[in-house]
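J.: All chains should be modelled from the sequences, with the hints used to inform the complete structure.
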Amino acid sequence: MMKTEAGVVRPKPLKSPFRLVIIVALAFVYIWALSGVPMDGLKETAGQVTKAIAAGIFSPDWNYVYLPEGEDLLRGLLDTLAISVLGTVISAVLCIPFAFWASRNMSRFRWLSGSGRMMLSVIRTFPEIIMALMFIKAVGPTSFAGVLALGLHSIGMLGKLYADEVENIDPGPSEALLACGATRLQQMWFAVLPQVMPGFLSNTLYRFEINVRSATILGVIGAGGIGTPLIFALSARNWPRVGIILLGIVVMITLIDLLSGYIRKKLV
Amino acid sequence: MKTQMGVPQSAAVSIHPKPPGRIKHVLTAALVLLLLIASAKQTEASFGELLEGIPEMMKLLREMVPPRWSYMDNILPGMLETIRMALLGTTIGAIGAIPVAIFCAGNLTPNIWVYYPARFLLNLIRTLPDLLLAAIFVAIFGLGPVPGIFALAVFSLGLIAKLTYEALETIDRGPLEAMTAVGMNRIQLIVFGVVPQLAAQFTSFVLYAFEINVRAAAVLGLVGAGGIGLYYEATLGFLEYDKTSAIILMTLVIVLLIDYASTKLREKLL
Chain A
1 MMKTEAGVVR PKPLKSPFRL VIIVALAFVY IWALSGVPMD GLKETAGQVT KAIAAGIFSP
61 DWNYVYLPEG EDLLRGLLDT LAISVLGTVI SAVLCIPFAF WASRNMSRFR WLSGSGRMML
121 SVIRTFPEII MALMFIKAVG PTSFAGVLAL GLHSIGMLGK LYADEVENID PGPSEALLAC
181 GATRLQQMWF AVLPQVMPGF LSNTLYRFEI NVRSATILGV IGAGGIGTPL IFALSARNWP
241 RVGIILLGIV VMITLIDLLS GYIRKKLV
Chain B
1 MKTQMGVPQS AAVSIHPKPP GRIKHVLTAA LVLLLLIASA KQTEASFGEL LEGIPEMMKL
61 LREMVPPRWS YMDNILPGML ETIRMALLGT TIGAIGAIPV AIFCAGNLTP NIWVYYPARF
121 LLNLIRTLPD LLLAAIFVAI FGLGPVPGIF ALAVFSLGLI AKLTYEALET IDRGPLEAMT
181 AVGMNRIQLI VFGVVPQLAA QFTSFVLYAF EINVRAAAVL GLVGAGGIGL YYEATLGFLE
241 YDKTSAIILM TLVIVLLIDY ASTKLREKLL
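Protein chains in written order, with this note's numbering: chain A, 1 to 268; chain B, 1 to 270.
If you are wondering where the hints come from, they were derived from the structure by calculation, not from laboratory data. These figures come from a predicted structure and were not determined experimentally. Don't be surprised by glycine CBs; every beta carbon is placed ideally from N, CA and C. Hints are not guaranteed to be accurate.
[What the hints assert, rightly or not] Residues of chain A clear of chain B, computed beta-carbon distances all greater than 10 Å:
#	residue
1	Val49
2	Leu178
3	Arg264
[What the hints assert, rightly or not] No more than 20 Å apart at the CA atoms, straight line, and that leaves these computed lysine to any residue pairs for SDA-like:
#	chain 1	residue 1	chain 2	residue 2
4	B	Lys24	B	Leu34
5	B	Lys264	A	Arg124
6	B	Lys162	B	Tyr116
7	B	Lys24	A	Gln195
8	B	Lys162	B	Asp172
9	B	Lys264	A	Phe18
10	A	Lys137	B	Gly53
11	A	Lys137	B	Lys59
[As the list claims (entries may be wrong)] Partial list, derived from the structure: chain A residues whose beta carbon lies under 7 Å from chain B:
#	residue
12	Val37
13	Ile123
14	Thr125
15	Ile129
16	Leu234
17	Ile253
T.: The structure is reproduced here in structure tokens:
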């Protein structure tokens with residue numbers, strides 16, 4: 001910032017050579033990126049298929065919503081929900097030790113909490129769909145593989161959010177309890193836990209919203225949920241069925257977001 | 001704040017908060033438990049099966065170590081394609097997000113009949129996860145990186161437009177009013193009143209979307225939408241787990257590097 005004589009504050013303009021370098025670099029990056037995209041490999045039927053999908057969405061296959069013999073929309077969505085509920089609860093329990101490991105005010109050494117943060121970051125980076133592929137090798141292509149993948153992957157994010165929550169607590173109550181001779185466990189139970197509980201629950205619900213979205217795609221690789229019938233319908237070019245499944249997913253996720261948002265507002 | 005307000009008042013007025021009812025807690029716990037049991041039944045979760053499967057998984061993990069480093073050369077083109085897809089997808093999404101965000105912001109588009117439907121549509125777009133979008137675009141365009149780029153573009157449009165319109169609604173009204181007073185039209189208002197206030201934040205949102213998109217692009221190949229994900233299926237299918245772990249390691253390193261660079265840039269921007 002420079003002050004001119006009239007007292008008007010003017011932001012210093014960016015140095016022009018530096019700006020030029022950025023623009024040239026960006027231009028090169030984009031030329032590189034665009035040159036690598038094969039534009040001639042597109043199907044000529046793209047327009048037709050788009051129209052067919054749009055038509056399918058506007059005239060969905062309502063009969064698919066409930067079929068008495070099974071494998072219908074409602075059961076697929078229920079399966080998706082069940083996967084995300086179970087996965088969220090597993091991670092919410094498993095990430096608590098990680099959260100205390102990674103929070104700075106709970107350990108005496110900086111490297112200890114740092115290593116915890118690093119660990120959570122690595123878990124976060126590992127995509128859930130790859131985890132699901134591995135669990136499928138262990139327990140077979142079932143919804144359970146999806147549950148385990150979501151449960152393990154969510155530790156990364158939930159652990160970090162929980163750790164932030166633990167770092168933000170007021171040390172007063174803990175110290176007061178310590179002063180009257182409470183053990184470490186009693187401090188945890190009566191001073192730390194009541195403070196972090198609303199935050200923990202709110203973060204868990206937030207992760208649940210994300211997990212519902214993830215659970216809809218697990219079926220793509222055979223780990224249960226609504227993704228499997230969607231992939232089948234897509235490859236069979238059954239557009240009305242694709243339409244009804246998409247509608248079902250959109251409605252379910254919207255409802256869950258509304259409900260979870262309402263509860264989270266009440267919690268915090 | 002707690003100590004300031006709490007100490008002097010406690011003598012005069014009782015500030016003991018009413019404890020929440022026990023029954024409510026018990027009911028909530030029961031509901032959660034019920035949900036859990038029902039979910040476990042629906043997914044046929046059995047931890048016995050997991051215990052039985054663990055040796056199988058351990059075998060898999062053992063075969064993954066050591067990763068086959070020589071395979072890195074083969075997957076480098078796939079990795080570059082992944083980054084390319086993320087870059088182009090984010091760019092297209094960011095450009096598309098600008099008009100959408102303006103339509104969604106109540107202070108720039110004061111007409112309630114415009115910004116409510118716009119927000120509703122935006123929320124609908126945001127419900128669809130990226131891999132699902134990719135599966136649909138593969139059906140439309142065929143295999144290759146193009147459907148992946150489109151999927152990422154739609155996904156980042158939803159994300160960036162939402163973050164941007166929420167930021168738009170918190171901008172300082174002063175400059176806008178001053179410009180209206182001197183008779184500027186809407187376009188001038190946006191260019192001179194809004195853009196300078198929001199440019200840094202918007203860039204930060206785009207970088208954030210890019211981080212997410214690199215992670216997403218790495219798995220889009222599973223549905224045939226290009227990038228490194230194609231190699232997962234191939235190597236897992238041929239039971240070449242040491243190659244799989246090479247892919248995973250390479251992706252991890254690239255993602256962490258891009259995350260680090262992008263976070264540093266964003267810190268500088270804001």
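J.: If a hint holds in the structure, say so; if it doesn't, say that too.
T.: Hint check results:
Listed as outside the interface, valine 49 (chain A) is inconsistent with that label: its C-beta sits roughly 5 Å from the nearest C-beta of chain B, within the 10 Å cut-off. Every C-beta of chain B lies more than 10 Å from that of leucine 178 (chain A), the closest at about 18 Å, which supports listing it as non-interface. The Cβ of arginine 264 (chain A) sits about 14 Å from the closest Cβ of chain B, beyond the 10 Å cut-off, so the non-interface label holds. Between lysine 24 (chain B) and leucine 34 (chain B), the direct Cα distance comes to roughly 15 Å. Compliance with the 20 Å bound is thereby established for this hinted pair.
Taking the CA atoms of lysine 264 (chain B) and arginine 124 (chain A), the gap is about 19 Å. The hint holds against a cut of 20 Å. With a C-alpha separation of about 13 Å, the suggested pairing of lysine 162 (chain B) with tyrosine 116 (chain B) holds against the 20 Å cut-off. Under the criterion of a C-alpha separation no larger than 20 Å, the hint pairing lysine 24 (chain B) with glutamine 195 (chain A) is consistent with the structure, at around 19 Å. At roughly 19 Å between alpha-carbon atoms, lysine 162 (chain B) and aspartate 172 (chain B) fall within 20 Å of each other, so this suggested pair holds.
Restraint check for lysine 264 (chain B) and phenylalanine 18 (chain A): satisfied, since their Cα atoms lie roughly 18 Å apart, inside the 20 Å limit. Simply put, lysine 137 (chain A) and glycine 53 (chain B) have alpha-carbon atoms about 8 Å apart, close enough for the 20 Å limit, and the pair holds. As the CA atoms of lysine 137 (chain A) and lysine 59 (chain B) are separated by approximately 10 Å, the hinted pair is consistent with the 20 Å bound. Annotation: interface hint on valine 37 (chain A) holds; nearest CB of chain B at approximately 6 Å, less than 7 Å.
Below 7 Å, beta-carbon pairs count as interface contacts, and isoleucine 123 (chain A) has none with chain B, the closest being about 11 Å; its hint is therefore violated. Below 7 Å, beta-carbon pairs count as interface contacts, and threonine 125 (chain A) has one with chain B at about 5 Å; its hint therefore holds. The closest approach between the C-beta of isoleucine 129 (chain A) and any C-beta of chain B is roughly 5 Å, which is under the 7 Å cut-off, so the hint is satisfied. At its closest, the beta carbon of leucine 234 (chain A) sits 5 Å from a beta carbon of chain B; the interface hint therefore holds under the 7 Å criterion.
Annotation: isoleucine 253 (chain A) was flagged as interfacial toward chain B, and the flag holds, the nearest CB pair being 4 Å apart, inside 7 Å.
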